[in-house]
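Fit chain B to the known structure of chain A by using the hints.
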Amino acid sequence: MNDILERALNTAQLEGASYAEARTVDARSQLLEVKNRQVSALNESSSLGLGVRVIVDGSWGFAASAEVSVADAEACARLACRVARAGAKFRRGPVVLAPLAPAVARYQTPFKLDPFEVPLADKIALLVEATGIMEREKAVRVAQGGMQFWEERKHFASSEGARIEQRIVQSGAGLTAWAVDADDLQIRSYPNSFGGQYECNGYELVERLDLVGHAAETAATAAALLVAPVGPAGVTTIILDGSQVSLQLHESCGHPTELDRALGHEANYAGTSFLTPDQLGTLRYGSPAVNIVTDATTPRGLGSFGYDDEGVPAQKVDLVRAGRFVGYLTSRETAAMLGQTSNGTMRAESWSHIPLIRMTNVNLEPGTWTLEDLIADTDDGLLMTTNRSWSIDDRRYNFQFGTEVGVEIKQGKRGRLLKNCTYTGITPEFWGKCDAVCDAAHWEIWGTPNCGKGQPSQTMRTAQGAAPARFRGVQVGVGTGS
Amino acid sequence: MTPPPRTAAPDAGATLSREEAQLLLREAIGQSAAEQTEVLIEARRESLTRFANNEIHQNVTSLNHTLTLRARVGRRTGSASTNRLDSSGLRQLADRALAIARLSPEDPGLPEIAPPAGLPAIDAFVPATAASTPEERAAAVGPVMAEAAARDLNAAGALSTVAGAVGFANSRGVFAFQPETYSQFTCTVRSGNSSGWVDRHRRDVRALDVASLGRVAIEKAERSRNPGAIEPGSYTVVLEPNAVAELVLFLATLGLGAQAEQEGRSFMGGRMGERITGERATIADDPFDPRAFGRPFDAEGTPRQRVTLIERGVARGVVHDRRTALKAGVESTGHASPPPGTEGPLPYSLVVSAGDTPLEQLIASTERGILVTRFWYNRVVDAKRTLITGMTRDGTFVIENGQLTRGLRNLRFNESVLGVLERADAWGREAEPTVFDYVGNCVVAPALRVRDFRFTGVSPF
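Here the protein sequences line up with chains A and B, keeping their order.
The first sequence begins at 1 in the numbering used here and counts up by one.
The second sequence begins at 1 in the numbering used here and counts up by one.
Be a bit skeptical, because a hint or two may be false.
To be verified - Reference excerpt, derived from the structure (chain B facing chain A, CB under 8 Å, subset only):
{"no.": "1", "residue": "Leu48"}
{"no.": "2", "residue": "His65"}
{"no.": "3", "residue": "Ser79"}
{"no.": "4", "residue": "Ser88"}
{"no.": "5", "residue": "Arg91"}
{"no.": "6", "residue": "Ala131"}
{"no.": "7", "residue": "Pro134"}
{"no.": "8", "residue": "Phe288"}
{"no.": "9", "residue": "Ala383"}
{"no.": "10", "residue": "Asn410"}
{"no.": "11", "residue": "Asn414"}
Quick caveat, the hints were computed from the structure, so don't treat them as lab data.
Fair warning: this is a prediction, and the values are worked out from it, not measured in the lab.
Think of the CB as a built atom: it goes at the ideal place given N, C-alpha and C, for glycine as much as any other residue.
Same shape as in the complex, but just chain B:
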């Protein structure tokens, strides 16, 4: 019996070593009576110190691991997941996956499981993040709350650290393992009628200067006090990197994965090689960009590739898993999604190429416009047109003669993502990662200045 990852020292250190993963995955495959077997394990310790109203109100840490086994019999496949990693749990899992496979109809589109291949390495594990303690997290956020309180402001947010590992093996001899860490500081500071926000994501918790970041949110809350209203309409906007990332993320599910293209749902459908957006827009999925929280292999054990999706406004490609690649007659790009994977392959490390203008200069060069810190509750209105609606939040400002002059009440927008990239006339120099889920869904984006951005409504605050 393989000893499972232990919680004996559940507050620090790695969650799963390479050797433990190898033993565990080997045992899982050994328990399987299927013709072919694939096994994926994810282990994760997540700790988070959360504060609101200038006090710590939630403080948590948890350790979990999930092992998914896919069994194949002929052209039939079955999948099951568990967090019971003892021998009995693995046997039950293997038996259940096999039973599901035998009950399933034949799958004519079933691809071969991945062959062994050289796997690129990504340096993604920072011991200091894994060793972060509740005392250190509390001490880091304390000064932010104190400074907010001293200015009669109200701070809320969280400092979180994650240490995890992902491992994959199959019965053709593939073994892949990646330890990783992640940390985030996010903070909203409110006055009676305004708010400011900051949000940063790093592998190394020491790279989060929490006190300085907190001051960014404090300053935005103070500068946007007593916000005024502005009529809905089309305005020049300067979008900070988080706001750009919120929009670009939609491209992933609306058409940058091959399943959407093959099902006819993609905005890229039938337009490969055509210009679909502005000539300055280049977007790639690049797991090897150190800012992009990438993984070197996917949920099928295929090495991940860098894929250019949109190049200078021209549709260039989509990402594939083994199923969509087989159907398209190409090689998988290593973008299989974790189970159940109903969305098909997706780009998980989107990188929008930056420009050469500092954010301050984007603002300074705008005669009249609106600065947007972030967008909130964004949803698809029209998928084929990449039309999204959402709200501004936590720091929306009027720009007049290159200066932020006053705060604004929050605005609703209805905009096409491709249209925004088309009308972006200045591209920021500094790009920031926004992580929408630590296992992926990262977008690295610069700030943008965009003409004729369409606001359609206004909130009372």
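So that you can see chain A by itself, here it is in the shape it has in the complex:
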């Protein structure tokens, strides 16, 4: 593999590249889905290829090929240089990269049980058992269980001397119960929506989740939601569970702190950001209780790695400190525009894509509350659990989220189960209303397997660490409320 990368770099430099990087990725994945004790999807996929990214005449070019050989490396490098040269006439200034000490390193995500070595029959049996338990609930029309596993073996080399090998192993699993009657459809997921929980981890994640042990409660809640009253409309206090805080972080902090968005690079597709560079260090993003970091070293985090796809080491960086906006997710190119060095967030979906600024693990630091104390401290409000619907504008201001489950809180105690609960707000106003975050014992690193960005569109696996948190004076029930 090293010969191929070296040839790509050498060819690019002979073709006039001032900078070149070459990356091979050998990826495989496994997807299992069981519905009502029957295997409904089972596919294994593998993909190997080479991508070459260059700067020629101050302009980026990229070419990628599924053929990985010395000859293809040469062809790819030449094409990348041609592509770059074609764009050079339409640059306002040359691309400048922030300085980086080239790394020569190997990295592997820690895990105990290789998920690809666990017998398929065991995985299927587990999902059949769990969905069989869920099926006992009469209102549950579809009892679904799933697992996904990914492995990437990456080789990265740059013309600056970086030589990095990485092996990233990720696992995910979960349950979903669909309860149906003539007029309604209600979903309950365990332990989270989007198929469950995902981590940089081995099969021990699946064992820890205990899908069989949670199947009955998942199904029962779905059935109970069918006959539950609709959540209220109005202004109230809400407590979000950790998984919903996680998605709130993803959408309203992670994306707007991507510096490429803030600089307009994604204006045509993903959008821009209300967090413009002139506000860095001064804007009040949230209450003093809000401290948010991006941390690519978080144990088990789906956004953890050793080095990003520019060869920058994984880092932990402040985004929001005591409610103030203090940092961005950056790349070498965008960091240089702010006079900074990259904090290592560039990742590509595959060998056939260029790296983009992507969330690593965007974490809300834990506070001091227990969930029970937080509920006891709330006179009137809603406890909202597990995302069901999510939408936010292209500058990441106006959002509306819905959750699978709502529980009313009356005089510090849990009340009725509620369905179709939604809440809406404007990002800095909303985080400004956060007056309590639960403690480290309630904190979890939640994986998001389906983050979309870029043209051509790329899907990335990220994570957000969060504990339950409370927000005062929030508009609820828009669109659905009773």
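Below, chain B without anything else, positioned relative to chain A:
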């Protein structure tokens, strides 16, 4: 050994010929020791010139191919995919799919693999698109950036071209092959406090008049400068074709596929033959509509049929693959999804029947309302009610006395798709395709004027 598709000339031309596909698929089936085998290949060269802040900032081209093999042993099936197309890679793939099949439990709902059938032809490959070069793409977008800069505006967007092919074969003798091309120009132009957008999809890149399209986005950005706010509430809206397509797309996954119906999740469930929306609403899946980026066969090798889904507001049908068809006791309509296909069969070429009113007339005949260029980040709130929330983006205007008078800050909506079609009182004459993924998910839709469209919130911009 069959030579794989090569990248020796990776910047132009077809990705996979019919003969190459036939040899490759035949070899893959030959490598399989399963009782029955199905093989699907997709090859794709994707090139994209992307710009932002009036300069080209990303410029890419990639070539890939993915071969999926499904092996059957009795009532057991296993599936595996690879992009290694040499003999060794194909052998490993076939062995793995067979091993998965043997480890899988018996599948009582497993249908027969497709028999040979006459396949309709679709003219979907345009050599000029396949031959598009990075120099041509850069030259095409250059004037858009220059004009935006000259007007103190900021242009971002992409011109992309895709050349690809899809092939299918099975051990009953089916062989199907379709070469295809796709191109898209999309552009957002921003001023300090406004933006405009345009988005067009064509098989033939030469049919994209990039400079003229860029001026559409420029004009919208200029006309919506200094946008004002409007209180949330119900308004008459004129939705441009992209905005209509964004809403109609949700019907595909919420109920126009047979799996959703059979699982009880569909808004169509138990309502077949009933009126479910406005009498002017007719929606079909029509892969043979030249605007709809259709394919003539599905991922099971079944010929695709035109299916009327909603006819003058009445629920008429859903699309099937072989599994859902077997369960329903009908024939597959040729709408099997590509692997892993967890959503089941889906309509991929939705066509909403157009009306007879030009867009300009829809605006001119509106006394007071709101023009929506596009919707953004739309998500399901209540599946059974087809209730969607999302935002307006890149060109929202007040209509007063038939004129666009000023730009508006972006608005959040909560609306039922079927309700929108029910309350549409004027239907546009010109329909535009919006492609959500080049392999399918195309919606051809006209503009609509809709009464009492419900906006529930407003953004600060």
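A quick look at each hint next to the structure:
1. Leu48: 6 Å, holds
2. His65: 6 Å, holds
3. Ser79: This hint holds: Ser79/B lies near chain A, its Cβ roughly 5 Å from the closest one there, short of 8 Å.
4. Ser88: 12 Å, violated
5. Arg91: 13 Å, violated
6. Ala131: This hint is violated: Ala131/B lies away from chain A, its Cβ roughly 15 Å from the closest one there, beyond 8 Å.
7. Pro134: 4 Å, holds
8. Phe288: This interface hint is violated because 27 Å lies over the 8 Å limit.
9. Ala383: Ala383/B check passes; min Cβ-Cβ to chain A is 5 Å, inside 8 Å.
10. Asn410: 6 Å, holds
11. Asn414: This hint holds: Asn414/B lies near chain A, its Cβ roughly 3 Å from the closest one there, short of 8 Å.
Checked against the numbered hints above, the structure violates hints 4, 5, 6 and 8; every other hint is satisfied.
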